[in-house]
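Trainee: Residues per chain, in single letters:
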Amino acid sequence: MNLTVNGESRTFEQPLSVHQLLTELSLNEKRVVIELNEAIVDKDSYVDTLLSDGDSLEIIQFVPGG
Amino acid sequence: MIKVNEKDVAWVDGMTLATLRAQHKPDADITVYNGFPVVDDRPVTRGDRVCFIRRGEMPSAAEMRQLIVSRHSPAVYEAVCDRTVGIAGAGGLGSALAIALARLSVGRLIIADFDVVEPSNLNRQQYFCEQIGMLKVDAMKANLERINPYLDVTTVAERIDAGNIAAHFAAADVLAECFDNPESKSVFVETCLAELRKPVVAVSGIAGHADADKLVCREPMRNFHLIGDGVSAAQPGCGLMAPKVGIAAHMQAGKILELLLDLPPGAPQ
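Keeping their order, the protein sequence lines are chains A and B. The numbering of the first sequence is the numbering used here, which starts it at 1 and goes up by one. The numbering of the second sequence is the numbering used here, which starts it at 67 and goes up by one.
Please keep in mind that the hints were generated in silico from the structure rather than gathered at the bench. Keep in mind that a hint or two might mislead.
What the hints assert, rightly or not - Beta-carbon label-pair distances, calculated as ranges: (1) B:Lys69 - A:Val5: 54 to 62 Å; (2) A:His19 - B:Ala299: 20 to 28 Å; (3) A:Lys30 - B:Cys304: 17 to 25 Å; (4) A:Met1 - B:Gly173: 18 to 26 Å; (5) A:Val47 - B:Cys304: 45 to 53 Å; (6) B:Gly303 - A:Gln20: 27 to 35 Å; (7) B:Asp181 - A:Glu8: 20 to 28 Å; (8) A:Gln14 - B:Ala237: 22 to 30 Å; (9) B:Ala237 - A:Gly7: 31 to 39 Å; (10) A:Asp44 - B:Ile198: 37 to 45 Å; (11) B:Arg225 - A:Val5: 26 to 34 Å; (12) A:Gly7 - B:Asp279: 33 to 41 Å; (13) B:Gly303 - A:Gly7: 30 to 38 Å; (14) A:Asp44 - B:Gly199: 33 to 41 Å.
The C-beta atom is built at its ideal place from N, Cα and C for all residues, glycine as well.
Between the sequences and the hints, there should be enough to build the whole structure, so can you do that?
Mentor: So, in structure tokens, the structure goes:
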């Protein structure tokens with residue numbers, strides 16, 4: 001499955017949910033904001049949102065400090 | 067017709083700043099002529115705006131407005147004076163941002179923070195020693211009133227979470243994410259984008275002392291403006307200090323001003 005993540009093309013062996021993609025990328029799901037094909041994905045839907053070949057994601061992970 | 071301290075005055079031939087001052091405010095020691103302080107006498111023409119100020123005297127709301135209008139230009143003042151900005155978190159970012167927006171004369175601020183002022187905040191947050199122990203939102207409201215008493219400041223002394231963001235911030239035209247912890251940043255930005263569908267200006271990556279010039283503003287998603295270097299996390303050995311936190315807060319203020327200027331004119335949303 002091919003995905004575009006933050007503008008970069010990535011290939012994954014297995015179909016993935018958003019939750020599994022975050023694990024794969026070692027990102028903390030409590031610290032991110034995710035746009036899938038230009039629509040925000042709610043935190044509650046990370047497990048249920050399955051990604052399809054050709055999907056485009058923008059993922060921002062926040063770091064502490066303010 | 068001319069304006070003297072925001073009141074209409076009929077123009078007459080031969081009128082100068084000195085004759086006007088003698089007539090309207092003989093004890094004034096500062097003259098602001100069409101937005102610029104002047105010391106010399108000069109002729110006054112139709113349409114001019116003159117403001118006479120006596121040092122140490124509190125200006126009226128109309129005088130204050132006129133002074134700000136002349137400094138910022140009428141277009142900038144009009145774009146912000148009826149707008150509302152929501153500030154989530156009144157720490158290093160939120161306290162400096164609130165002050166910048168108050169100085170810009172943004173008509174209404176909604177400031178939310180559940181915490182109190184602590185001595186360790188004073189290295190970067192815009193509070194004073196005598197405010198230690200006060201709720202940050204109360205201390206900030208008092209500080210903003212000293213800068214411009216004619217603004218509307220709404221305070222929310224509550225912990226902000228996904229369940230109360232819409233209720234507290236629905237009236238905002240633009241939102242500012244000013245939290246310290248990344249989980250709160252994430253929840254706030256996600257809710258603003260998905261539920262409120264309003265522009266949000268957030269910050270990530272401002273810790274430490276080095277590379278202040280690496281702070282940038284970008285728009286990774288529609289309506290989501292992100293300031294910082296994205297990686298400089300606050301952690302042991304890499305603290306938060308006044309320079310980079312202040313720069314980021316003022317970059318937020320600059321982006322918010324741009325966004326307000328881009329909103330369609332008319333009734334606030």
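Trainee: Next, verify each hint and record whether it holds.
Mentor: Hint by hint, here is what the structure shows:
Restraint check, Lys69 (chain B) to Val5 (chain A): a C-beta distance of roughly 58 Å satisfies the suggested window 54 to 62 Å. Checking the proposed 20 to 28 Å range against His19 (chain A) and Ala299 (chain B) shows it holds: the Cβ atoms sit about 23 Å from each other. Checked against the hint of 17 to 25 Å, the pair Lys30 (chain A) and Cys304 (chain B) passes, with Cβ atoms roughly 21 Å apart. Range check, Met1 (chain A) to Gly173 (chain B): about 50 Å between beta-carbon atoms, so the 18 to 26 Å window is missed.
About 33 Å separates the C-beta atoms of Val47 (chain A) and Cys304 (chain B), a value inconsistent with the hinted range of 45 to 53 Å. The hinted range of 27 to 35 Å is satisfied by Gly303 (chain B) and Gln20 (chain A), whose Cβ atoms lie roughly 34 Å apart. For Asp181 (chain B) paired with Glu8 (chain A), a C-beta distance near 39 Å fails the hint of 20 to 28 Å. At roughly 46 Å, the beta carbons of Gln14 (chain A) and Ala237 (chain B) sit outside the given window of 22 to 30 Å.
For Ala237 (chain B) and Gly7 (chain A), the Cβ-Cβ distance of about 35 Å falls inside the hinted range of 31 to 39 Å, so the restraint holds. Take Asp44 (chain A) and Ile198 (chain B): their Cβ atoms lie about 39 Å apart, and the range 37 to 45 Å holds. Taking the beta carbon of each, Arg225 (chain B) and Val5 (chain A) are about 33 Å apart, inside 26 to 34 Å as hinted. Taking 33 to 41 Å as the suggested C-beta distance range, the pair Gly7 (chain A) and Asp279 (chain B) does not conform, at roughly 24 Å.
With their beta carbons about 32 Å apart, Gly303 (chain B) and Gly7 (chain A) fall inside the hinted range of 30 to 38 Å. Taken as a hint, the range 33 to 41 Å holds for the pair Asp44 (chain A) and Gly199 (chain B), whose Cβ atoms sit roughly 38 Å apart.
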